[in-house]
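Chains L and B, in that order, give the protein sequences. Just add 11 to wherever you are in the first sequence, counting from 1, and you've got my numbering. Just add 11 to wherever you are in the second sequence, counting from 1, and you've got my numbering.
These are computed hints drawn from the structure, not numbers from a lab. Note that this is a predicted model, so its numbers are computed, not measured. All C-beta atoms, glycine included, are put in the ideal place defined by N, C-alpha and C. It is possible that part of the hints are untrue.
Claimed, not checked - Simulated crosslink set (BS3-like; lysine-lysine; CA at most 27 Å straight-line): (1) Lys316/B / Lys65/B; (2) Lys201/B / Lys201/L; (3) Lys96/B / Lys84/B; (4) Lys303/B / Lys316/L; (5) Lys84/B / Lys201/L; (6) Lys303/L / Lys65/B; (7) Lys96/L / Lys65/L; (8) Lys84/B / Lys303/L; (9) Lys316/L / Lys65/L; (10) Lys65/B / Lys84/B; (11) Lys96/B / Lys316/L; (12) Lys65/L / Lys84/L.
To be verified - Cβ-Cβ distance ranges computed for the label pairs, FRET-style: (13) Asp287/B / Thr118/L: 23 to 29 Å; (14) Glu183/L / Gly215/B: 49 to 55 Å; (15) Lys316/B / Glu183/L: 51 to 57 Å; (16) Ser281/L / Ser127/B: 35 to 41 Å; (17) Val314/B / Arg125/L: 27 to 33 Å.
There are 2 protein chains.
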Amino acid sequence: MARAPDVHICEVAPRDGLQNLDIFVPTEAKCALIDTIAAAGVREIDAGSFVPPKVVPQFADVDAVMAHALTHKSATIGALVPNPKGAERAIAAGVNAVYFVISASETHNRANVRRSVDEQVEGFRAVRAAIDARPVGQRPQLMGAISTSFGCSLEGEVSEAAVCRVARAFAEARADEIGLADTVGYATPKSIRQIVAAVQREVGSQMTLRLHLHDTLGAGLANAVAGLEAGIRRFDAAVSGLGGCPFAPGARGNIVTEDLVFMLERMGLSTGIDLDRLMQTREILARHIPAKHLTGHLHEAGVPKVLRSAA
Amino acid sequence: MARAPDVHICEVAPRDGLQNLDIFVPTEAKCALIDTIAAAGVREIDAGSFVPPKVVPQFADVDAVMAHALTHKSATIGALVPNPKGAERAIAAGVNAVYFVISASETHNRANVRRSVDEQVEGFRAVRAAIDARPVGQRPQLMGAISTSFGCSLEGEVSEAAVCRVARAFAEARADEIGLADTVGYATPKSIRQIVAAVQREVGSQMTLRLHLHDTLGAGLANAVAGLEAGIRRFDAAVSGLGGCPFAPGARGNIVTEDLVFMLERMGLSTGIDLDRLMQTREILARHIPAKHLTGHLHEAGVPKVLRSAA
């Protein structure tokens, strides 16, 4: 296995990228998307969500997609879960990582998972216990993701204290990692620095942090760079900038993986990702998803030939 | 007059934003655009270019547009010039600022102004002398702009030495300010920091620097933040992300003024600009310019109501 890249990117298009579409993407296309992402060298893929199909019909085929995704041994295959029941399904499916979401915004948490933040923390503890009860070799990683860490389209600004409260709960319940999610894309480089520093103080520097960024207002890559400068080395991103949250009105797509990879590599930071192969995901997506949902500066401008050697 | 804003933004849509369009924007629309920009509180407007109409037909009406722009006394009204003849016309028109361009890339300089870099430096000296020969109260500011400071779509990477050479020439010929232009949008936050620091070393900290950024590859606002962190407080930007260079293939639009203003204000940095009024420029542009040329995250997502108080 090659040495670890400087920056670890988790591709979330198969989950976050599809959850807000009103078009059902066929199972074969989801699998082809995951195959191309894996072939490009991406080392972590958020491959789907274990939610009831009546809540998010897009993931009615999550068991089949996950079984296929898990044939790729070069990547950590993860799944988002909203509650212990979802986690149980994800664990049974054999995922490598479970992403459990709690929102810093009480209003968004109720809209998203229909529970209070305190009830959701209880749910996380139950998942931790269920995973710990399994044999050592069969325990997926358990990641805590804090939605609306940088603002909420329902509540507006979200306080540092609200984010730190959830971070502390995750840390106390032994999350393997904590993700700070800008669910609706309201972060600025300043708030990234502020919240990351506050959470680092709250949970200590031993805890690995991740940033999950949406590019609603144009500052997506600026926020990623602010995160880098604050010491973050793990980022979520979605090919073609897909993404959104069904329960967070106004949320736009994730930061664009292709653009992020190109910028990082040009800054001398390795990602381990083959950009040309990653950009082939566009063809798969374009067959099923209307063009208005597919963004990305590199796709629009083309990868500059004079700079090819940098990629 | 209100106190100076933390960040000074020069609106370049009337010049950079229009120069690459194959549609002639009527004189009245150009004037209405400038009126709305001025009414929004923008303190510097790049209002047009004094180039021969057969080279850039868009500016055939530059004298009329400039005369109208100069009725706004709340803003510095500037004009781009490619040579001493253009500067002569700009000075005769009574502009407050002359932007004189020299490219760090020899190839782009020849494509853009049909002279070598050395010949262009001679031209700048002639303009400096012509301005200095005028009575004190009638001397416009003379800004030196270094095109392709962060890469060239004709030459590829541009060396720090090539940028510093032009910066030194501008400084020695007493430019009132030096602008570093990412003409084709190839900069990264890393190259911004590197080139800004190199130029600061070359010309000294007394020289005011400006950044002119295009968002070809998605890192536009990230580059602006890198500039801020390097001490830059003057930025060019274009409403609706208009822009491009007729002689730099592959260049995309400037960073979007609306998105820049919103991000800066949310970071606690004042711009002196009324975002609501600035966004009214969209209506004027949309009447004459096809939608594909009009970008901007705020225009697409809408200004989040829950964050209105921040703007």
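Kindly indicate which numbered hints from before are broken by the structure, ordering the numbers from low to high. Numbers 1, 5, 6, 8, 9, 10, 11, 12, 15 - these are the hints that the structure violates, sorted from lowest upward.
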